[in-house]
Structure formats: structure tokens, C-alpha cells
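Enquirer: Each chain, written out:
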Amino acid sequence: MADRPARRALGGRRPSGALLGVVPFFAYVAVFLIIPTLVVVIGAFVGGKGGFTLSNLRALGQPAVTTALWHSVVLSAVTALAGAVIGALLAYAVSTGRPGGVLKKFITSLCGVLAQFGGVALAFAFLATFSATGYLTKVLTSAGLDSSGGLWLYEWDKGLMLVYLYFQIPLMLIVFLPAVEGLKPQWREATETLGGSTFLYWRKVAAPILMPSFIGGLLLLFTNAFSAYATAAALVSQGSPLLPLEIGGTFTSEVILGQENVGKAMALEMVVVVAVVMTAYVILDRRASRWLVR
Amino acid sequence: MSGGRGQRAAFRRRQDVLRWVVVTVVLLFFFTPLVASLDFTTRDASGNRSLQTWTTLLNFPAISQRYPDLQAGFLASVGLAVLTVGIMLVLLVPTMTWVRLRVPGATRTVEFLCLLPLTVPAIVLVVGLTPVYAWVTYFLGGATIWLAFAYVVLVLPYAYRAIDAGLRAIDVRTLSEAARSLGASWPTVMARVILPNLRTAVLSASFLAVALTLGEFTIANLFSRTNLQVAMFLLGKSDAQISVAVGLASLVFAFLVLFAMSFVGGQRGAVAPLARLRRNRKETR
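Residue numbers (the numbering used here), protein chains in the order written: chain A, 1 to 294; chain B, 295 to 579.
Hints are computed from structural coordinates only; laboratory data are not their basis.
Ideal Cβ placement from N, Cα and C applies to all residues, glycine included.
30 Å max Cα-Cα, derived DSSO-like pairs, lysine-lysine: (1) A/104 - A/204; (2) A/158 - B/531; (3) A/204 - A/184; (4) A/184 - A/105; (5) A/138 - A/158; (6) B/531 - A/138.
Chain B is nowhere near these chain A residues, computed Cβ spacing over 10 Å in every case: (7) 47; (8) 51; (9) 52; (10) 53; (11) 60; (12) 69; (13) 74; (14) 78; (15) 142; (16) 157; (17) 209; (18) 211; (19) 238.
Looking at chain B on its own, in the form it has when it is part of the complex (with noise of 0.2 Å):
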């Protein structure tokens, strides 16, 4: 083995080429379309530069003023965020850990409901959900905000598999039966023990449902209610600079948050709703 040292050396070498060579090729493929977009948000009608775009977008009082339409999106959105989030939680978080304790029996059935949506594209939802949104409009009235239905449902697979993994990881049944004996009531023994300690998965759950509630264009779209996604589309038209900036900070965001998570939380935070179910899944074997 005397040339074994030079030989993993040459080999260190070529995976280092290769390394960078596709590296820089995908970039590129990934960067062209935001440097382009920072390069129409930077650009007046005469084709000079000009931060004019970005300044307004600061500016809150004049989005608000000029472009009511972002702003009721984005108010929108964020509503359904919370709206979708808080349903999620409270349909999930009880029944998974209830079905833990006392309906094992039902657990497969919870399980395949939970990820019925994937093989259901949200278009076909669209067209399943209409008589069942005449009925939302004619008790609720036809606010945006009642989306969050149909939104609990698109995010159902992943939150599901997210929380699944959380309860994993605690003896949820030795818990429980601790604070009963010590006289605890049943909604006690949810807020006080399980939750507390379902802290990470309930965070990442939200983080996905929050995410996808955000990006989410197709049923607002097409039920005609005006989202964030929507109200871009819609500016597109008439002022696409402000359209193309704020798809451009929301992408930047996002990602500033999750590299940062990617640093705090080890790798959990970088991985996105599809690795999470299929390293999951790997769990449960």
C-alpha cells in the first residue's frame, strides 16, 4: 500500500474539481433569475438605475396607499397563517396523542387520512371543495380568512409526519399516566405535559404549514379571494417592479431564516417538508 496516499490525494483532488465544477453550474441555473429580478427592481422607466422600487416597498404607509391590494393580501396571509397554524394544532396535536393512548387500534386509519392529500393535487381540491365552500360562504360568509379549511388539509402529510416524530421521542403513555395518578385532568395532562414537550416538532409543523399557507395561489385563485400570492399575481399587471421585489424579499427571507437554522438546529431546520417525510418514514421501521 505504499501508493495508497498519493492515490486517495489524486482522488481527493477530482472530487474537489467535480465538486466545484457542478456546484457553480447549478448556482448559476439558480442565481440568473434572481439577479435578473434584482436587476428589473433596479431599473426606472427610462432604464437607469434607481432604488425607487425598493424604497416604496419600505415605506409602509404608501404600499398601503398605493397598492391596496398588496396590502390586503398580505394582511390575508398572514391571517390564514395564524388561522391555518391554530386549526392544525388543535385537530392533530390531541387526536394523534389520544389515538397513542387509547385508540391504537385507529392509528393506521389517522395515518392514511394524514396523507391522503398528497395523491390529491390542490386544482382537483379546488374542484371537490366547491359545494362544501357554499356551504363555509353561506354560514361564515365569504371572507378570505376561511381558506384555512382548505389549507389544514394541504398541510395535513407533513404535519402529521412532523408531529408523528415528536411523539415518537417521548414515552408519551408514561407521562401521562404519571400526571393522572398525581390528579391531573385531561386537558392539564395536554397543556402542561405533552405540549411542552412536543415543543420542536409543534415548531417545525407550524414553520411548514406557515410556509406553505404563504405560497399558496391555486385555491385563492381560483375561489376568487385575494391572498398574498394572489394580490402579486394580480400587481403583476399593472406594476410588476413592486410584484417581482416583493417575490424577491419574501425568497431571500425565507432563506435567511432557514440557513440561519440550519446553524442553530443542526440540520432539522434545512430540511424541507419532503426529506422530512421520508426520513420519518426510515423512523418508523
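The shape of chain A in the complex, shown without the other chains (with noise of 0.2 Å):
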């Protein structure tokens, strides 16, 4: 791919005037985008000792990894879902409202701030909110409802989900909103002149227009948790449950012979699975913005 456009800009009029401007660039990302992604593809391969292995592939299988991936997919999956439903309904809900009103403006607003809102800061009002004495536990205790302790919030398959819906929700308005905005209200209503009831209209209208764009949301804020990193490792202090938590664990212990190559195989297979959701992300988003003109 690069070859190709480097060669036909060769046949312009001043090739190699031209072409030192775009020098810096190139170089500026080899070095920091390039290299890194090369050190992680070919460490994958790379044994102890040096020299070619697949033993760090297959390192891969050992349950503690094959166990944080499923935790991880799962985790994304899950939230990605819930995330992507209640974001919709919000999204759909807002743009029911007066188009240039206070509330969408609100909403927006909030959810930009919210969607960008993970890491510590957010781990840390989780604690506020559901630990053993956060303000939630308290009031349920004394309202008589938990007995809890607050201990499963640290558990990945309750606590984190929630957390990781704090910004998946918002990320996922902001991607949808465009969506149901591009519904035209005159879609409705040829639907309604022709006889259609409201449940048509959704079933063979609305649907099937906001169906790519839904998915693609899907599948953004499934590699936006699978990526995530810095709230799980605020929040989860023992043990890695998550992929991510896993590499973070090979880079900072002690290093075990050859062990930082298995993070770096661990790091490629992220980098497989984002590379694959992002790529059906693209050509989904290429559909969806068919009725997206306006």
C-alpha cells in the first residue's frame, strides 16, 4: 500500500523537493508509531534466547491468559451491548425533543465529558458510590436492602460492568445521535399516508436505516472496552481478570525470563481482535452514512 502512492507521486514535477516535505511526518511516525507496533509483532515470535519461537503463541493457551481474554470479550460484549441499547434509547429520546433546545444541549454535553470520563477519576466515584461505606451502601443498609459490604464491585463480571457503562452509554449517544437525527419526519409520514401503522414504520422503516449504524456503535464500544485499561487497573487491585491487566502485569513484575515476550503476544492478539471489529466498524459506518446526508 505504501509503494504505490509514493511511486505515482514520483512522476509529479518535482519529485524529490516535494516529497522531502513529507519527510518529518514519515519519520516523526516510525519511530513512534511504526517501531512499536514492528516490536510487538516480531517480540511475539521471539523466544528467551533470542531467535524464532511460536512457544509465546502458545503461551496464549495457558488459562490464565485464555481465561482474561474470555473475561475481557465477555466484559466488552456485555457492555457493548447494554451500552449500545440504552445509549440508542437515549439517543432516540433526545432527539424527539425541540432540535436546538436545552435538554439535547445538556445531554450532548454531559455525554461528551462522560464518554471520556474513564480512569481513575471514574473508578474512584464508583468507590464513593457502592463500597463498603460509599453513599449508596449506606443508604440501601439503612433502608435495609443490602448486605452486601459492597464487595462485588471489585468482582469483573458485576462492579466492572457498571462501571464500564458509565462511559459506554454517552460514547454510545454520541455516535448514534446522527443517526436518529437523519431519520426524516417525512418517512413517517408517507409511511402513515400509505397506511402503515407506527410498529411498520419501525419494522421496515426506521429499523433497517438505523440497523448499520447501530451495529457499528456496537462494535465501537465493544473495542472501547476491550482497549480500556485504566479504570480496571484503579478499580481491580489483586489478581488480572482482564486481558489488558494481564500485559500491564508481564511489563511491570519482575521479569521472568522471556515472560515480556509473552506480553508482547498477548498485545498482538489484542491488536488482532481491535484490527478485526474495527475494520467490519469502518465498512458498517461506510453504509450507515448512506442516509446520513443532509
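Dock the two chains into a complex; use the hints.
Expert: Below you can see the structure in the form of C-alpha cells.
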């Protein structure tokens, strides 16, 4: 892919001078993006004493790694699905409001901030809410409803899912709102004129138009949760239930020989998953944007 | 169509009810942790209401004395934000303009490279950047601020889309040819013709870069450097109240900025980076 445009550029009028202008950019990207990517890709195939090996990839079959991958996939899939459904509902609800109204500005601004409010601060906010001495725990305990002591918050399949939803729902609103707003009122009117019910309109008109955007949003949410590290790292201090935490673990622990290359193999595994899902997202988004031209 | 109006009114009412129910439920979920944080930061050791934490937070000398980590992290993050924006602009604006004018064949390659970080999570980047940063530390020393090199990579996709949209909106070729034929040098064309016309795009790219830099934790933490997020994390173990208060304050601040921008600049400011990715892609078709 890289050499074809370059050759075409060489066919231009003053090739050497023109190409010189893009050298700094390519040099920078090579050092800080291409080399790191190659380090991961190549490192995944290098053994502890150097030389080509597949043992790092085989190490991906270890129970600890497969469990972490499984947890990551389940966590990402569940929060993506729940976040997509709730976010889409919210987007629809907001889109029925007045176009330039305060409600819409308020919700979009709030979601714009919350979608990026991951990490340490988010983990602490949930600790302040649900931990043993948290606000909601105290309220619920005084009402006699809760006796768990808030320990569930640290578990990847309960607490983390709830915490991840906190940035998944806003992200879905942001990516899905343009699609819902692309629904033209004329389409509904046309359905009604032809005698169709609201249900028919949703089933035959709106749903097929929104479906690519919805699935696109779902995939984006999946990669968003799958790549997230900071929130989980700040909340879960023991064990590495997720793939990013497992990678971070091989990075910070006292290096057992060859273990860092297993980390690279895991990183490669992650890139492959994210790349596949992102590619599907780009393809779907291209389809979806056909209806978004306004 | 005699019943049309009544039907329409009933439909409107149903929509209104749905809207308020959904919005209320979701906002309840959004606000509970924030209210809990506020509750947590306004209590003293014996559980009584106290504004101690917040007065401390506003008292800069006390902060810098009692929480040196927080001060160092904050200063480092501000420096990182400035340097990241600087490198990003110096790298992207001239290159993208130049590609448009003189090497259009490289457009796809540049776009591909700029969007590539979307498929490389920060945690993976950390793994790959280790040997690169060994060299950076060797040549430049181990200061936190050099993390900006990696942050530029994280910002690349969002900044590319923002600047690309800006370039699309102006006729770069005509503008630069006019300036060139009047005797301007390339640097002059860049600084006095192209850049002023890209003001909005440059501003939104910079805003995204600042937001991303201030919220970055993964790379800094794993490379054992202290930025704002890492400082908050460390502080969470010893003095959680201050830490939560800083998080809450930065959230409210970011919200106020976005909310104000949504009134001033139409929709633009209120749109988060990923939405901008999609919206601009639409413009390219």
C-alpha cells in the first residue's frame, strides 16, 4: 500500500523537493508508531534467548491468559450490548426533543465529557458510591436492602460491568445521535399516508435504516471496552482478570525470562481482535452514512 | 384526515412521556456516582459535613506543600498538554497541507498512518514503546514531559480528522498559489495564509489533544512517570478525599466548557472525538 502512492508522487514535476516536505511526518510516525508496532509483532515470535519461536503464541493457551481473554471478551460484549441499547434509546429520546433545545445541548455536552471520563476518577467515583462505606451502600443498608458490604464492586463481571457502562452509554449516544436525527419526518408521514402503523414504520423503515449505525456503534463500544485499561487498573488491585491488566502485569512484574515476549504475544492478540472489529466498524459505518447526508 | 390533529397530539404526548422517562432514568445513573463523590468529599473523619477538602483544594500553597505529588502531576500534565499540542500541530498541519498541494499520491498513506492508532490500544503501545523510550531516556533524560511523543500518536486519529475537515472547507491550492505568485515564501504561506484559515480546525484538534492528555493514565503509569492521573491514583491510597475532589472538579470544569461551547459555536464543540470521526468521514464521501 505504501509504495504505490509514493511511486505516483515520484512521477510528479519536482519529485525530490516535494517529497522532502513529508519526510518529518513519516520519520516521526516510523519512530513512535511503526517501530512500536513492529516490536510487538516481532517480539511475539522471539524466544527468551533470541531466535524465532512459536512458544510465546503457545503460551497464549495458558489458563490464565485464556481466562483473561474470555473475561475481556464477555465484559466488552455485555457492556457494548447494554450500552448500545440504552444509549440508542437515550439518543432517540433526545432526538424527539426540540432541535436546538437546552435538553439536547445539556445531554450531548454531558455525554461528551462522560464518554472520556474513564480511568482513575471514574473508579474513585464508583468506590465513593458502592464500596462498603459508599454513599449508596449506606443508603441501601439503612433501608435494610443491602448486606453485601459492597465487595461485588471489585468483581469483573458485576462491578466492572456497571462501571464500564458509565462511559459506554455516553459514547453510544454520541455516535448514534446523528443517525437517529437523520431519520426524516417525511418517511414517517409517507408510511402513515400509505396506511402504515407506528409499528410498521419502525419495522420496515426506521429499523433497516438505523441497523448499520446501531451495529457499527455496538462494534465501536466493544473495542472501546476491550482496549480500556485505566479504569480496571484503578479499581482491581489483585489478580489480573482482564487481558489489558494481564499485559500490564507482565510489564511491571519482575521479569521472568521470556515473559515479556509473552506479553508481546498477548498484545498482538489484542491488536488482532481490535483490528478485526474496527475494520467491520469502518465498513458498516460507510453503509450507514449513506442515509446521513443532510 | 379529520382525526389527524388529535392523533398527532396524542403521539406527541406519548413521545414526551417516553423522552422524560428515559432521560430521567439515565441521568439518575449518571448523577448517582457524582452525588456520592460530592457526599464523600464533604465529610470529615467523624462523618459530619465539612468543606475542609474543598477549601484545601482552593488553597494553592497548602496543596503544593501537603500534596507535592499532586502539584508535580498537575504541572507535568499541563506541560504535556502544551508540548503534545505543539508537536501535533507542527507535524500535522504543514504535512497535510503539503500533501494536498504537492504530493496528492501520498494522501491515502498519510490517512492510513494517522488512523492506525485506533487499532493499537494504549496498553499495546506501552509494550512496543519500551525500547523506543529507552533511547528517548538515553538522549533526553527521563522527564515526564517526553511522554508527549507517545501522546501525539494517541491524538493522531482525532487531530487528523479535525484538520482534514478544516482543509476541506478552504481552497488550499488557490490560496497558496495566489500568495506564492505575490512572492510569499512557503513558511509565510503556512503562517499567514493557511493557518489563519484553519483556526477552528486547529482549535478543535488542540482541544481534543488537551482533553486526551489530561486524562491519560495507562502510558504514564506503566512507564512510572507522574502525571495528573497517576498523582490522583497515588493520592487515592493516602488521601482519597482530595483525589476524588480533583476528579470531580475536573469533570465539572470540562462539562462547563463543553456546555458553554454548545451555545457559542453551534454543535461543533459539543461533539466528542469519535462522533467527529464519523461525521467527517461522511463529508469525505
